[in-house]
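**Student:** Listed below are the residues making up each chain.
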Amino acid sequence: MITEIRDKVAEQLEKLDGIVALRSTEDGAAPYLFQQGDNLEELVMNPRYPLSKTASKLQKRFKDAKLGVVARGCDVRALVEMAKRNQIDPDRLVVIGVTCTSEEAEFCFCAEPAPNLDQWSGSTLIGEPVPGAPPNPIVAEYAQIPYAERWAFWKAQFTKCHKCFGCRDICPVCFCEACALEDPLWVEPGLLAPDFPMYHLIKAQHMTTRCVGCRQCEMACPADIPLTVLYDLVRQDVAELIGYVPGADINEMPPFTLTLADAAIESDLVY
Amino acid sequence: MDYKNIQTICPYCGCGCALNLEVIDGEIVGVLPANDHPVSQGSLCIKGWNAHAFVGHEDRLKKPLIRKNGQLEEVSWNEALKLVAKNLGSIQKKHGADSIGVLTSAKCTNEENYLLQKFARAVIGTNNVDHCARL
Ligand code: SF4
Ligand code: SF4
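These protein sequences, in sequence, are chains V and D.
Per our numbering, the first sequence starts with residue 1, numbered consecutively.
Per our numbering, the second sequence starts with residue 1, numbered consecutively.
The set of hints was computed from the structure by calculation and includes no laboratory data.
Each hint should be verified, as a subset may be incorrect.
[Said to hold, decoys possible] Below, a list of computed lysine-lysine pairs in the BS3-like style, where the Cα atoms sit at most 25 Å apart: (1) LYS66(V) x LYS4(D); (2) LYS68(D) x LYS82(D); (3) LYS57(V) x LYS4(D); (4) LYS82(D) x LYS15(V).
Using the sequences and the accompanying hints, generate a full structural model.
**Tutor:** Here it is as structure tokens:
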């Protein structure tokens, strides 16, 4: 499959200014902007990085460039949520989608391991889609766990947090320049572990309608906190209550985004 | 148009976490963890995540400064080292070697730290040696 990906990248590089993918060197693998003339033997698929975030960064920096990105299912879902929030310009981005293996899907508890490219013009899918993996067992059994136990579980987990902000920094759908987690109004500076449960509930609340379950936060967490259990539960609730699925449809605006015009129509307030 | 990551070791403490410096057109713009590195295994602490911030910072000192008539002035390394040597010498003579302490740094190499403790013990004559990770 890797040969097929490299061939596709070589073909697309004749039309595009550059393609974001992983490059492996003797130091290790990391995101890279491949351009014509680069050695595509160095292009690899592992370990995973949020390449959608790199693509966003480069689109903002190179405003006229037409770029490509090698993307897994979660990357594409993240691209969708970022596009809705003006962090990705879909007209300047070609996606080379790559399916994950069953083992990778199981590791990530991923329900949708193949990228959905219906809404990305000029894109290609490489690999055979595999079925979704079962959810994290804690998520599956969560409804049966009594409230007191849930509280004790999260308290024990979040006490390990040393506030590196890594879960935020790596997250493809975290992009605000001013972050509530750094605002002394909400999170007391200099306190370790951060306020329980405020710090992590702010993050979870901001991930409502955004988190695409890529698991990057969990992999970056030095304290091994199962962050995506919380975000998966939030995503489930949002799907059940308002039918919104992050990453599914680029044309469906997030429910918490409202325009002033909407507000005027809905509001009964007397000013 | 150029974007790459350069892997290096975090300068902030002695753990030896690897990190990737994100470089766009020669400018360091951010940090990514090194996901396949055996020491840090894709994680970083808050210092590592921000290890790029001082590189191009406007407050960063590029030349030694000496306060002359109440004003900090840029001087050559030679002049700065001479002044330090002269003042350390006179403090040592007047108050004894143990009135001086030496702070080393996790940002230095092992060899540089070795030299500094050697300097403290053999040249100044004190065992007062400590380092920034305990500050
Ligand atoms: S799984 Fe974590 S890193 Fe990925 S989108 Fe959700 S919160 Fe962000
Ligand atoms: S990555 Fe882990 S340790 Fe760092 S802030 Fe997030 S939860 Fe806390």
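**Student:** Given the hint that LYS82(D) pairs with LYS15(V), test it: the Cα-Cα distance must not exceed 25 Å.
**Tutor:** Given that 25 Å is the threshold and the Cα spacing comes to 61 Å, the pair is violated.
**Student:** Is LYS57(V) close enough to LYS4(D), meaning Cα to Cα at most 25 Å?
**Tutor:** 12 Å, holds
**Student:** Given the hint that LYS66(V) pairs with LYS4(D), does the C-alpha gap stay at or below 25 Å?
**Tutor:** 18 Å, holds
**Student:** Against the 25 Å threshold, does the CA-CA distance of LYS68(D) and LYS82(D) hold or violate the hint?
**Tutor:** 15 Å, holds
Checked against the numbered hints given earlier, the structure breaks only hint 4 and satisfies all the rest.
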